[in-house]
Amino acid sequence: MDDIVKQAMAKWPNVPHCFGWLALDARGNWRMRDEAAQRAGAPGDKLANAALVGFINRNYAHDEEGRWYFQNGPQRVYVNLEATPFIARTDPAQGFLLQTGQALLPQAAYLTGAGALVLQAGEVLAQLDDRDLEQALACMELDGRPASPEALMAWLEDGAGTLALRVDERRIPVERIAADSLSRRFGYVQNPA
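Per this note's numbering, the sequence shown runs over residues 63 to 255.
It is possible that part of the hints are untrue.
SDA-like mimics (lysine to any residue), calculated; alpha carbons at most 25 Å apart, straight line [said to hold, decoys possible]:
id, residue 1, residue 2
1, K108, M94
2, K108, D96
3, K108, E144
4, K68, L114
5, K108, N119
6, K108, Y122
7, K108, A213
8, K68, R89
9, K108, A255
10, K68, A113
11, K108, M63
Restraint-style ranges between C-beta atoms, simulated for each label pair [said to hold, decoys possible]:
id, residue 1, residue 2, range
12, G175, N111, 34 to 40 Å
13, Q100, G223, 53 to 59 Å
14, V77, C201, 24 to 30 Å
15, A110, E237, 31 to 37 Å
16, Q69, G206, 52 to 58 Å
For the record, the hints were derived by calculation from the structure and aren't laboratory data. Using N, Cα and C, we set each Cβ at its ideal position, and we do this for glycine too.
The whole structure should be built from the sequences, with the hints applied where relevant.
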């Protein structure tokens with residue numbers, strides 16, 4: 063956390079929390095949700111200011127209940143998550159990167175029935191940006207052989223065989239998972255209240 067944030071928290075310890083105003087979409091964009099967006103159930107405006115996005119990324123954390131928030135000075139701004147607490151992208155030099163800019167070296171992977179790829183490294187859980195999915199699916203192996211799109215669809219239906227994601231020289235096991243069970247299994251709250 064930024065020093066200025068720590069100082070503000072010490073100076074004003076009892077500022078009320080904020081809910082519903084900030085969201086992280088499934089492509090890793092921070093979105094500001096004003097009252098009109100909240101009423102309409104709309105995603106909100108994409109934040110484009112690099113300094114603000116960097117500030118949010120540096121001060122992003124979770125509480126003991128699994129609610130993710132941005133510590134904005136003395137105030138916690140809880141985040142609505144469209145998918146998972148982090149969103150990953152592919153990067154030619156670093157492999158996978160989180161929306162915060164940190165590198166991600168996955169230890170496990172999950173594929174939902176809808177075809178979303180979710181990567182895990184320790185406590186970090188990140189759904190892959192759908193624009194990078196085709197590239198990642200090309201690195202899938204079923205029973206040690208490259209997995210065709212048809213083989214992946216069959217695997218999603220019946221789970222027969224061993225699916226792995228090839229990352230450099232490593233083979234990361236892939237497990238089928240229902241998208242609606244992710245938050246329960248990994249202990250995060252998608253829409254804190």
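Status of each hint after checking the structure:
1. A hinted pair counts as satisfied when its Cα atoms are at most 25 Å apart, and K108 with M94 qualifies at roughly 7 Å.
2. With a C-alpha separation of about 12 Å, the suggested pairing of K108 with D96 holds against the 25 Å cut-off.
3. Restraint check: the Cα-Cα separation between K108 and E144 comes to about 13 Å, which is no more than 25 Å; the hinted pair holds.
4. With a CA separation close to 17 Å, the supplied pair K68 and L114 stays within the 25 Å bound.
5. About 14 Å separates the Cα atoms of K108 and N119, which keeps this hinted pair within 25 Å; it holds.
6. For a cut-off of 25 Å, the pair hint linking K108 to Y122 stands: about 17 Å separates their Cα positions.
7. For the hint linking K108 to A213, the alpha-carbon distance of about 37 Å lies beyond 25 Å, and the restraint is violated.
8. At roughly 29 Å between alpha-carbon atoms, K68 and R89 are farther apart than 25 Å, so this suggested pair is violated.
9. For the proposed pair K108 and A255, the alpha carbon gap of about 22 Å is at most 25 Å, so the pair holds.
10. As the CA atoms of K68 and A113 are separated by approximately 18 Å, the hinted pair is consistent with the 25 Å bound.
11. Taking the CA atoms of K108 and M63, the gap is near 23 Å; set against the 25 Å cutoff, the hint holds.
12. Distance hint check: the CB atoms of G175 and N111 are about 37 Å apart, consistent with the given range 34 to 40 Å.
13. Look at Q100 against G223: about 45 Å separates their beta carbons, and that is not inside 53 to 59 Å.
14. A hinted range of 24 to 30 Å for the beta carbons of V77 and C201 is inconsistent with their spacing of about 45 Å.
15. The beta-carbon spacing between A110 and E237, approximately 36 Å, falls within the hinted interval of 31 to 37 Å.
16. Roughly 55 Å separates the CB atoms of Q69 and G206, a value that falls within the hinted 52 to 58 Å.
Figure legend: structure checked against the earlier numbered hints; hints not met, in rising order: 7, 8, 13 and 14.
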